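S.K.: This is what each chain is made of:
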Amino acid sequence: MEALFAGVVGTLTACGLFLMLRGRTFPVIVGLTLLSYAVNLFLFSMGGLNTHAAPVIGESLSPSDPLPQALVLTAIVIGFAMTAFVVILAIRARSELGNDHVDGKQGDEEPPR
Amino acid sequence: MIAQHLPILPILLPMLAALVLLGLRLDDARQRLVSIAATALLVALACMLLQLAGSDEIRHYALGNWQAPFGIALTLDRLAALMVLLTAVLALGCVTFACAGEDAQGSHFHGLFQLQLMGLNGAFLTGDLFNLFVFFEILLLASYALLMHGGGKARVAAGLHYVVLNLIGSALFLVALGVLYGATGTLNMLDMGQRMAALDGDRAALATTGALLLVVVFSLKAAALPLYFWLPRTYAAAPAPVAALFAIMTKVGVYALLRVESLIFAGTPASAPVQTWLWVAGLATLALATLGALGARDLRMLVAYLVLVSVGALLAAVGMGQRASDAALLYYLVHSTLVAAALFLIAELVDRQRGQAGTRLVCGRRLNQQRLLGGLFMVAAIGMVGLPPLSGALGKLWLLQAAGSEQGLWLWALLLLATLAALIALSRAGSVLFWASHKGKPGNQRVRAGQLIGVLWLLAGLPLLTLFAGPISGYAEATAAQLALSEVVSTPPTTGAGVRP
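Chains P and R are the protein sequences, given in the same order. Counting with this note's numbering, you get residues 1 to 113 for the letters of the first sequence. Counting with this note's numbering, you get residues 114 to 614 for the letters of the second sequence.
Keep in mind that the hints were calculated from the coordinates and are not lab data. Check before you lean on any hint, since a few could be wrong.
Stated by the list, open to error - List of simulated lysine to any residue pairs, SDA-like, C-alpha gap at most 20 Å:
1. R/554 <-> R/482
2. R/266 <-> R/346
3. P/105 <-> R/274
4. P/105 <-> P/22
5. P/105 <-> R/266
6. R/266 <-> P/88
7. R/266 <-> P/91
A quick note: this is a predicted structure, and the numbers were derived from the prediction, not measured.
Please model the entire structure based on the sequences and the hints provided.
M.R.: Here it is in structure tokens:
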């Protein structure tokens, strides 16, 4: 299970990183989203991976750590808000700068002042 | 009663003010009143905190009475109190300046401003690593919106970079947190420091990796060399009161580095390499930012690079990691924050009176109030460069004195060269803006009372820092001593055996 989990997190991170290095805002946002998925999964696993272990003392023989679940919830909420914000920002940039390039310019054009 | 709950008030007060400002539909005048009143109250609160922290006792405030290391704790020590006071003083100047008209260019300026203050105060006061992340996000989210205040192409373009970079930074922060929690089983910084020192084998390597990732994240916030390229454009594009408040944002990174170094790294083998990296990165930032300042063709860009120069000096001082250098760093940090903020505000005033030419360093229209602005600019420039009689000279001198013989060789050369370069760049800027600009008739824009009060409030810090250099440096030394002490003892109030995963 650990190997699979690590593979999933690694693949998500790699894809996210690749997309973030693209030149247009949309792939960058998708890349950010993938990265935040990977980070959330990673956070989720930081208390150790186990099955049939409810985070309640007395319900299972070895209760799992409840803290990562609380943390990942916070991280998801914050990540969600940030993604929404960056989407709006990208749309705004598209309409103000006239293109969806991350630098706000196409090719060798001078950046807007 | 009130003294007991004092550590949380600097977080609650801006939050309540923000709720009032964002929730109730007040008119402009009332919004300004609420915002200024809340910020002034924050200054008073911060003074009380400073007094409280002056007793040298580190106070822990357990939120919801969940005892540390399990619950979330706020920690009030000398360093936190100093940073909160600096934030409050800076914010009062910015908000007074903004009330003279800048705030009405977009919506919700004051509400967002208070939210940013909440995030800043929280980041300084928290003793919990995850809480630090949350407060970072609060201050960043507010800063994203404040950066776009008023709109415009340059702001949107700079904002996109700033937001994306900081989102990546936040993701790295979370990864670092995950690794550290996985290895040490705690999020309380004091507790984590103790457990780090006790780890060995694989776990120690894992925990060190996590802590090093934290250093990368905070270097992004502090704008250390490979990670600073976002700063000049962003700061130059931000509206003046926001850029002035952002002067403290890089210092949040420096503060976090100082904390991580004294609490988490102390006593681990990674401590020495991290200090060396910070030292090298600081000096390299100093050198490159100096070149940037010499090459800047716009006053705002110039000030942004000068902010970077001061960040470089501060990081190098963090890298020195001695008690004397920590104390010197704190004094210089206060000074450089105030003076950089004042320069950003003055740049805006100059911009208003120069019409088309703006703050670009070219011949332009004669300024309407040339003497007033020229005088303000000169005082701020003297402070920024670090010429006597103002506090910049004292701060730099102290930094230079704090450097050891081997380190001194590099620091003396680079810092003094940077000072010379700043002197050249600012004199050139000043002579172009105030002497070589005489095209056409001056406009009729005048500096508004609120704007002048804001700038003077910030500039007043410089002579005060010089006059009261004795007590302030005494406080800085005591703070450094407290930091050094926390490296040795670092006992959280109740050291329970935490649940290890």
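S.K.: Each hint should be assessed against the structure and marked as holding or not.
M.R.: Now the hints, each set against the structure:
Taking the CA atoms of residue 554 of chain R and residue 482 of chain R, the gap is about 12 Å. The hint holds against a cut of 20 Å. With a CA separation close to 12 Å, the supplied pair residue 266 of chain R and residue 346 of chain R stays within the 20 Å bound. Taking the CA atoms of residue 105 of chain P and residue 274 of chain R, the gap is about 13 Å. The hint holds against a cut of 20 Å. For the hint pairing residue 105 of chain P with residue 22 of chain P, the CA-to-CA distance comes to about 14 Å; that is within 20 Å, so the pair holds.
Distance check on the hinted pair: residue 105 of chain P and residue 266 of chain R sit about 12 Å apart at the alpha-carbon level, within 20 Å; holds. Taking the CA atoms of residue 266 of chain R and residue 88 of chain P, the gap is near 15 Å; set against the 20 Å cutoff, the hint holds. Distance check on the hinted pair: residue 266 of chain R and residue 91 of chain P sit about 13 Å apart at the alpha-carbon level, within 20 Å; holds.
Consistency with the previously given hints is maintained throughout, with no hint failing.
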